[in-house]
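**Student:** All chains, please: the whole structure from these sequences, using the hints.
Number of protein chains: 2
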Amino acid sequence: MRIGLDVMGGDFAPEAIIEGAVDVLPFFTEDDRLILIGDQAAINKKLAEMGTDPSHFEIVHASQVIEMGDTPSKAFAQKPDSSIAVGYKLLANKEIDGFCSAGNTGAMLVGASYTVNVIPGVLRPALAAMIPALDGKKSILLDAGLNPDCKVDVLVQYGVLGTIFAKNVLGVDNPTVKLLNIGSEESKGTPTVKAAYEMMKDNPSMNFGGNIEANELFVEGMAEVIVCDGFVGNIVLKETEAIYHLFKKKIANMNDPFFESLNFETVGGTPVIGVNANVVIGHGVSKRKATMNMIRQTCDVVRVNLAQKIKESI
Amino acid sequence: MRIGLDVMGGDFAPEAIIEGAVDVLPFFTEDDRLILIGDQAAINKKLAEMGTDPSHFEIVHASQVIEMGDTPSKAFAQKPDSSIAVGYKLLANKEIDGFCSAGNTGAMLVGASYTVNVIPGVLRPALAAMIPALDGKKSILLDAGLNPDCKVDVLVQYGVLGTIFAKNVLGVDNPTVKLLNIGSEESKGTPTVKAAYEMMKDNPSMNFGGNIEANELFVEGMAEVIVCDGFVGNIVLKETEAIYHLFKKKIANMNDPFFESLNFETVGGTPVIGVNANVVIGHGVSKRKATMNMIRQTCDVVRVNLAQKIKESI
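Sequence order for the protein chains is A and B. Here the first sequence is numbered in our numbering, starting from 1 and rising by one per residue. Here the second sequence is numbered in our numbering, starting from 1 and rising by one per residue.
Treat the hints as calculated values from the structure; they're not laboratory data. One thing to keep in mind: the hints can contain errors.
[Claimed, not checked] Pairs of lysine-lysine residues, derived as DSS-like cross-links and limited to a Cα-Cα distance of at most 27 Å, are as follows:
1) K137/A <-> K250/A
2) K138/A <-> K249/B
3) K289/B <-> K137/A
4) K250/A <-> K289/B
[What the hints assert, rightly or not] Away from chain A, derived, C-beta distances all over 12 Å, residues of chain B:
5) R2
6) P26
7) D31
8) I59
9) E67
10) K89
11) N104
12) T105
13) F218
14) C228
15) G230
16) K238
17) H283
Here a beta-carbon is modelled for each residue, glycine too, at the ideal position from N, C-alpha and C.
**Tutor:** Okay, here's the thing in C-alpha cells:
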C-alpha cells in the first residue's frame, strides 16, 4: 500500500514528522511505500541530518503550508500547492491509498470534501476516536472534533456511521449506541441533544441504548459507539490526554497497558468517517512517536478499507 | 448560621442524605443549626435507626418530592410542598442562611429564579466548580451544568462572575479568565464560542487570557477562571470523576491529596453564582460522605456571603 504523509502539518513539523516517518520504516513491508509530501529541501536536509537514505521514501514537493491558525476553506482555496492540497490530489488520483496529517483539522476536512468527496448519503464526516475501557474493550466516540456545532440529523447519523464502524472495524455484531449527555434521563441536555435522543430511540439502523454520562467513560460495559458533537468530543479526548499526564506525573514508573492506551501518542491519529478515501488526522502536537503511530493507524485503515466499508453500508 | 438541607434530593435520598447530616454535626459550632427539609416520618425513622437524637436538628416537613426526571419548571409549580420548594421558601424568608440539595439541578435553578431571584444584572446564574491543579492552585470552572445551551452574552458574563468569585473567594488579585475551547487559536470553536472570544478579549471587566484546551486542565498555571457552557462543563466535571475512579482502580492504596481533590465526594457541592442567596447543588449520586461535604461547602459559602459579594460587584 502507498501512504501519503503531510510532512508540514502539526506544531512540530516538519522535523518531528520526518522523524516519525523514519521510525515507521521497520513496520513497512516490501509492498508498502511512504510518500512524504512537503518542502523538498527541508525533507532532504532533515533526512541527511538523520543519516537516512531518501530512497526509502518517495518525496512529493509542496511549496506552500496551511498553518494551524489559517481559516480552513480560504487556506485550502488560496494554497493549491500546500502539502494538504497536494496530498488530497494524490489521494483523489489514487496515487496513494491513504493520507494522514497532524495539521489544520478544518483544512483536512475541507480538503476531503473538495477532492475525494463525502460519501453520498453522509451528511457530515466525523472523526472517530477510540476510548479504552478497563475491561479491555474499546468504544468509538464520534465526532471527536470535525464538527463543533452539529445539527440534530448529523448527530443521529453519527449513530449509524458509528454502528457501521464498530461492526466492520471492531467486529462487534450488534453494537450499542449511546448519546453523551449530562444526565441519564431523556429530558436532559440541549434542545439539539434532546431532539437527537427522540430520533435515535426508535431508529432501526442502530441499537440505541440511551444516554451515557462522562463519569461512565473508561468503565466496563460502555457502549460500543458514543455520539456527541465535535466540540464536546474534542474536550473529552483532550481531557483524557490530561488524565494520562496526571498518571505519568503521579506514578512515574507505572507500566500499565491500560494507562498507555490513554496516551494519544500510542494511538497516533483518528480516521475520518464518511469520506470517499482513507484519511487519518493526527493531533496538532504530534511529535516523533505520535507521527509513527499515525502512519501505522493509516495502514490499518487502508487494510480494512474503511471508506469502502462505509460506502457499502450507508 | 442556619443551613437548610433537602433530605429528599439525590439518587440515595433520604437515607444517605440523613447519614451525611449526622456526620456533619461534629463540624458545627453552637451557633450553627442544620434544618432537615423533607418527609418527617422518613427522617425520624432513619434518625431512630441511627440512634441519633432528632433534637440535634430542626425538621421541616415537606410532603412532596421533585424527582430527578421531573421537568424542572413544571415540577416546581405543581409541587409547592416539595422539599426544594419548601427550602427556597425558608431561604427567601431568611429563615435559613444557605440551602443545599443533591436533587434535580434544573428544579434548583428554577426555584432560585422564582423565589430568592437572580441578582439584578445577572443574565443567567451558573454553577461554579473547582478544578484542582498539580501546583496546588484551584481554578473555577463555570458553568458546570446549569445552562446546557449558553448564548454569547451569557458566556461573556460568566467571565465577569468568575472574576468576582476568584477575587472574593479564592483571594486572587487579578484573576486570568480563559475560554474552554477546542484549539488555542481565536478562530476555533462553535460560532457562539468564537463570538464570546471576540467580546471577552477587550472586556475591561476581566483579564482575558484567550483559549484553554482540555489537555491543559489540572496542570500548573491554568487560568483562575475557566468559562464554558453548562453542557461542556458538566462533561468535564464528570470525566474528572471517571479519572478519580480510574486512579482508585489502578492504585488501590494510593493516598495522595491531589488525587483525593478529584473526588467529588470530598468536594461535596458547587455553589450557584448569581442568585440572591447562598445555594449549593450537590451531585445526584451523593451518598453519606458527599452529603456531609456538601453541607460543609454551604457553610463556607455562607461564611464569605458569596451572594452578597456578587451583588456588590456586578
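**Student:** Are the hints correct? Go through all of them and say.
**Tutor:** Results for each hint:
no., hint, in the structure
1, K137/A <-> K250/A, "holds (25 Å)"
2, K138/A <-> K249/B, "holds (18 Å)"
3, K289/B <-> K137/A, "violated (32 Å)"
4, K250/A <-> K289/B, "holds (25 Å)"
5, R2, "holds (31 Å)"
6, P26, "holds (30 Å)"
7, D31, "holds (37 Å)"
8, I59, "holds (30 Å)"
9, E67, "violated (9 Å)"
10, K89, "holds (25 Å)"
11, N104, "violated (10 Å)"
12, T105, "violated (8 Å)"
13, F218, "violated (5 Å)"
14, C228, "violated (8 Å)"
15, G230, "violated (7 Å)"
16, K238, "violated (4 Å)"
17, H283, "violated (9 Å)"
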